[in-house]
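K.L.:
With chain A fixed as given, assemble chain B onto it according to the hints.
One letter stands for each residue in the lines below.
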Amino acid sequence: MNANDVIESYVRDVARYLPRGKRNDVAFELRALLGDELAAKAQAAGRAPDKAMAIELLTGFGRPAEAAGRYHQRPAVIDPTDTHHFLIWSLAAAVIVSVLSRMSWAGAMSGSGLFLQCLGALAVVFALKGWWRRRRPGALGWRPKRGQDWMPRGLAVLAMTATLIFPVFMYAAPQTFVQVMFMGTLPTGGVELTEAFSQSGLRVATMTLLILLAAMYAAIVVQGGGRPWTGWASVVLHGGLGLLLVGHAAPTESLPGREIVPVFQSVGSNTVATPIFGAVGAMLVLCALYDAYREWWRVSPAPALERRPN
Amino acid sequence: MAERDNTGLTELRRGVLVLAVLSRLRTPQYGYSLRQALAEGGMPIEEGTLYPLLRRLEAQGLLASEWNTEHTPRRYYRLNAEGERTLAALTDAWRDQVRVMDRLLDGRRR
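Chains as they are written, first to last, in this note's numbering: chain A, 328 to 637; chain B, 8 to 117.
Hints listed in this document are in silico derivations from the structure and should not be mistaken for laboratory results.
Worth double-checking, as some hints may not be accurate.
Examples of chain A residues lying across from chain B (beta carbon under 10 Å, computed) [what the hints assert, rightly or not]:
#1 359
#2 360
#3 362
#4 364
#5 367
#6 388
#7 389
#8 397
#9 404
#10 405
#11 406
#12 409
#13 515
#14 517
#15 519
#16 607
Far from chain B by the CB rule (all over 12 Å, computed), these chain A residues [to be verified]:
#17 357
#18 394
#19 400
#20 413
#21 418
#22 425
#23 509
#24 512
#25 614
Positions of the beta carbon are idealized from the N, C-alpha and C atoms, including for glycine.
With the rest of the complex left out, here is chain B:
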């Protein structure tokens, strides 16, 4: 039963992963700092999942990246204009979904 709960939770979190990542990239972040920021915000993500996701979002044209080699070489990611638009659209969609789910869940209690 606990395993089934975990599977459901994993699926649920997978659906909002992109939105969570985009929400933290209004300011430039490198991989590890982003993972820390998400964990501190209550959304811990495995490193093996997060880092390839950043590359995919960049390939989809939502992120811009640049290397900073002043100290330890690190690649910094941030939202570009298209990423900002996508974040706004996904945020609206998320809020709609929350309202819908609240209605459904409240209806179940009655």
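Next comes chain A alone, as it looks inside the complex:
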């Protein structure tokens, strides 16, 4: 292989990275330019150009992909500025898939296959987002957001009431709950709890966390908004509740000496409720992880600004 062969090889490799319409034109010019550069280099060295000299020249030009990138810059599939969010979403997908694939009712799912599908879907979404921003500069722009402690009193009251009425009441007395909510139009036998579940630690722990959650909303009402401690309390309570609900859906059958504790006496109710417990539990765990991430990365520029009345 002589110097010209080396240059030909380089030019071919650069051209392969270029759009079809530009390839021949750029390759022709690049070959001529490299020939001039090599001739000048040989003249300066006082000897005929050889393979080593050509390789030294081309090393200065960079890898063919880099050289081609200077002639024609292709956009990244995922914008570099989106890398951070892409990784966060990928991690979230990994957590969801990991939880789902451990559910007894989802035993047929392939965790790794589902995760790859999620990654592919995320890549497509982020690629489309980047493409749209390049096509319509200014689209998907930044908008001001409220701080993470934002929770007006009204919303906190609503959250507290909803927590007390729905999960706490439903959990404490499911039959009465159905009777009251549906004004006696639905039979209540389907939601009758088993004796084992009624007296289980799982139920007591779930009830306790639900009441604590309502108490946290009450504290937000009193304080007039969230505080860093309520942020962390929310992480612990929602995370704990999520795990307990996942525990409802994936009973401790895999642990030696432990048996499945069905929630309802009715087999049909258990069949319907189990995936719901699992999905809600997984969602709560995911929300708790997201909140934990937000608390971990909480931005508190120092010194803190004094709150001024509007």
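P.N.:
The following block gives chain B in isolation, referenced to the frame of chain A:
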């Protein structure tokens, strides 16, 4: 420290690269001859930077080019009318910047 100085200098030179290249293309030049002309004028530019820049300036409508295949095939670039206008505008802008920077730097010495 020396590395930081080099980075600053590289950034500074990058900003005036287009103006330097346009200033040498009132007469037709091919890639290597232009690089030589710039180096002789005190503005050495890496070949990997200069040649793609010529294509970009042509794509932006500032340069015209034609192949000369009488001897060694070479592509010659020169300013077109739009390139002449851009060169004049950039030259004025550069002189303004020099005046501004001179004022700022002189003020720092006082």
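K.L.:
It remains to establish, for every hint, whether it holds in the given structure.
P.N.:
Hints versus structure:
no., hint, result
1, 359, "holds (5 Å)"
2, 360, "holds (4 Å)"
3, 362, "holds (7 Å)"
4, 364, "holds (6 Å)"
5, 367, "holds (7 Å)"
6, 388, "holds (5 Å)"
7, 389, "holds (6 Å)"
8, 397, "holds (4 Å)"
9, 404, "violated (22 Å)"
10, 405, "violated (25 Å)"
11, 406, "violated (22 Å)"
12, 409, "violated (26 Å)"
13, 515, "violated (75 Å)"
14, 517, "violated (71 Å)"
15, 519, "violated (74 Å)"
16, 607, "violated (53 Å)"
17, 357, "violated (7 Å)"
18, 394, "violated (6 Å)"
19, 400, "violated (9 Å)"
20, 413, "holds (29 Å)"
21, 418, "holds (34 Å)"
22, 425, "holds (44 Å)"
23, 509, "holds (70 Å)"
24, 512, "holds (73 Å)"
25, 614, "holds (44 Å)"
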